[in-house]
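*Asks:* Read off the chains here:
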Amino acid sequence: MEAAQIDPFVFRLSIFVLAIFVGYYVVWSVTPALHTPLMAVTNAISSVIVVGALLAVAVEFGADAANNTTTISKVLGFLALVLASVNIFGGFLVTQRMLAMYKKKESTREGA
Amino acid sequence: MTANFAAIAYLIAGVLFILALRGLSSPETSRRGNTLGMVGMAIAVVVTLSVAGIGDALTWGMIIVGVAIGGTIGAIIARRIPMTAMPQLVAAFHSLVGMAAVLVAASALYTPEAYGIGTVGSVKVSSLIEMSLGVAIGAITFTGSVVAFTKLQGLVSGAPVTFPGQHPLNALLGLTMIALVVWLCATESHTAFWALAILAFVLGVLIIIPIGGADMPVVISMLNSYSGWAAAGIGFTLENTALIITGALVGSSGAILSYIMCKGMNRSFFSVILGGFGGETSAAAQGRTETRPVKQGSAEDAAFILKNAGSVIVVPGYGMAVAQAQHALREMVDVLKENGVRVKYAIHPVAGRMPGHMNVLLAEANVPYDEVFELDDINSEFAQTDVAFVIGANDVTNPAAKTDPASPIFGMPVLDVEKARTVLFVKRSLASGYAGVDNELFFRDNTMMLFGDAKKMVEEIVKAS
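In order, the protein sequences belong to chains A and B. Every letter in the first sequence is one number past the one before it in the working numbering, and letter 57, counting from 1, is 57. Numbers in the working numbering are just positions in the second sequence, counted from 1, shifted up by 1000.
Honestly, the hints are just simulated from the structure, not real lab data. Some hints here could point you the wrong way.
[To be verified] Quick list of in silico lysine to aspartate or glutamate cross-link-like pairs, EDC-like style, CA-CA up to 20 Å: (1) A/K103 - B/E1374; (2) A/K104 - B/D1370; (3) A/K105 - B/E1338; (4) A/K105 - B/E1371; (5) B/K1463 - B/E1331; (6) A/K104 - B/D1334; (7) A/K105 - B/D1377; (8) A/K104 - B/E1364; (9) A/K104 - B/E1371; (10) A/K103 - B/E1371.
[To be verified] Residues from chain A shown here face chain B by an in silico Cβ test under 7 Å; the list is partial: (11) R12; (12) F89; (13) G91; (14) V94; (15) Y102.
Cβ coordinates follow ideal geometry from the N, Cα and C atoms, glycine included.
Put together the whole structure using the sequences plus the hints.
*Replies:* Below you can see the structure in the form of structure tokens.
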């Protein structure tokens, strides 16, 4: 690595800091009536950690036969995959179910 | 697929997650936002599968079986869960994110090659730091959420658990964890990693047990935030943009919700964290017996008053949800509307057991969301309202919060129901609310108490009108 090159970590840190600001403004614009769906959907999207679980499951068997670390990794990854899948499906679907309940006034007999 | 292409795809997934949250600014756009979130997740999964270079059938089998098991469980839960149980469901989901973070951090430690962060014995120090943050916050989120779940589900008492030396013990655990992180970074010792995980699991329990049931909305929001920071920590380890962006979004979202909840209760974040609120105060209040007279009414009286009113504001609280009275309440409001009464709903920020909980319960009962108003928007209207109909709420209407500096809830924003011409209070008894404070509103001249189960009372009012 040349001395002048910036560590990629700095780029990731920049993304992180900017995303916190984006999150700050976006979340303040969420209507309080939808704070419960907000929590459910943030839960669902934080399950994008499934990416890490998939990489762990995808480790090649026997790449390190001496001390079985690949097997351990695959098993840990599998467990993480199951947990994250519960969250992805559960989180998005329960959010969808909640959001479908929010209706405007015309559905009721206002002023009848 | 090149690494650059994958990185751009992850960035797109991150942007779609931002749009998913942006959609929640109004109910009309929220459903599309949720769909965008699903698309983002699908992109992240497909890209990961294509860059992982999976060749063998066994691995594909594990992935398909894993997603099938998890997905089925998740879908069934999402379909069956009653809306009153949303707080415990969200707590349970947080615990899963926390545990997944711990597991992914562990596998990154065992097979760093798979994540491109070095080989066993020579993992980059920066990656080890990120990994230890991910595992520590993830483990705290896991056990903390499990404790919150058991409290919300009623498996254990919601009363705060405190013991002498609690805070020094937590501080000691925290310092030991920092020492373990240093050890892990210096030697890449797997023992240090697991010791760190175990201490974080213990700390998660210790952090949440002293927090009382009344503060649960803050706890859930706080754990939401933690699960985000854990995901971000893992995102740095995996050098994955989608995960870093998501972690930052979720982390700040949870932090903002915690702030809103604390403000709704006029409590500082630190006093909530230090805990102990909501237990001993109510024990003290129980000893007092109230002898002042109250005006008590029947369902027929209430029906008469409500039908002859021009405008009514309904103030629902968690008691309504406990009694499952929301559907009966909607029926009552329908009858009133047919009689030409204008009806609105007023929601206090901390009504219910999690942010926005009451809005979901009303939406489930087919209450149109444009009849439901937040405290700041409706509080000035009580003075011009004929009847305030308080059902299952108590502390959030207590005028002592405005007038009595000695009251534990002094300074908390409250709904000005006492300014309405008549206040109808549906309540099981004169018992004090969650904060253990007497409500002098019960004894006022323009207050009529309707004693009984909220659901039965509302049904009787419907029958009588």
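*Asks:* Evaluate each hint against the coordinates.
*Replies:* Here is how each hint holds up against the structure:
The straight-line distance between the Cα atoms of A/K103 and B/E1374 is roughly 17 Å, inside the 20 Å bound, and the hint therefore holds. Between A/K104 and B/D1370, the direct Cα distance comes to roughly 6 Å. Compliance with the 20 Å bound is thereby established for this hinted pair. The straight-line distance between the Cα atoms of A/K105 and B/E1338 is roughly 15 Å, inside the 20 Å bound, and the hint therefore holds. A distance of roughly 8 Å separates the Cα atoms of A/K105 and B/E1371; the hinted pair therefore holds under the 20 Å criterion.
Of the pairs offered as hints, the one joining B/K1463 and B/E1331 holds, with about 10 Å between alpha carbons and a cut-off of 20 Å not exceeded. Distance hint between A/K104 and B/D1334 is fulfilled; the C-alpha atoms sit about 15 Å from each other, no more than 20 Å. Under the criterion of a C-alpha separation no larger than 20 Å, the hint pairing A/K105 with B/D1377 is consistent with the structure, at around 18 Å. In summary, the hint linking A/K104 to B/E1364 is supported, as the alpha carbons are separated by about 13 Å, within the 20 Å threshold.
Proposed proximity of A/K104 and B/E1371 is supported: the alpha carbons are some 9 Å apart, at most 20 Å. For the suggested pair A/K103 and B/E1371, the alpha carbons sit about 10 Å apart, so the restraint of at most 20 Å is met. Residue-level restraint check for A/R12 holds (minimum Cβ-Cβ distance to chain B is 6 Å; threshold 7 Å). Checking A/F89 against chain B by beta carbon gives a least distance of about 3 Å; that is within 7 Å, so the hint holds.
A distance limit of 7 Å between C-beta atoms decides the matter here; for A/G91 the minimum to chain B is near 6 Å, and the interface restraint holds. Annotation: interface hint on A/V94 holds; nearest CB of chain B at approximately 4 Å, less than 7 Å. Restraint check, A/Y102 versus chain B: the minimum CB separation of about 4 Å is within 7 Å; hint holds.
Checked against the numbered hints above, the structure violates none of them.
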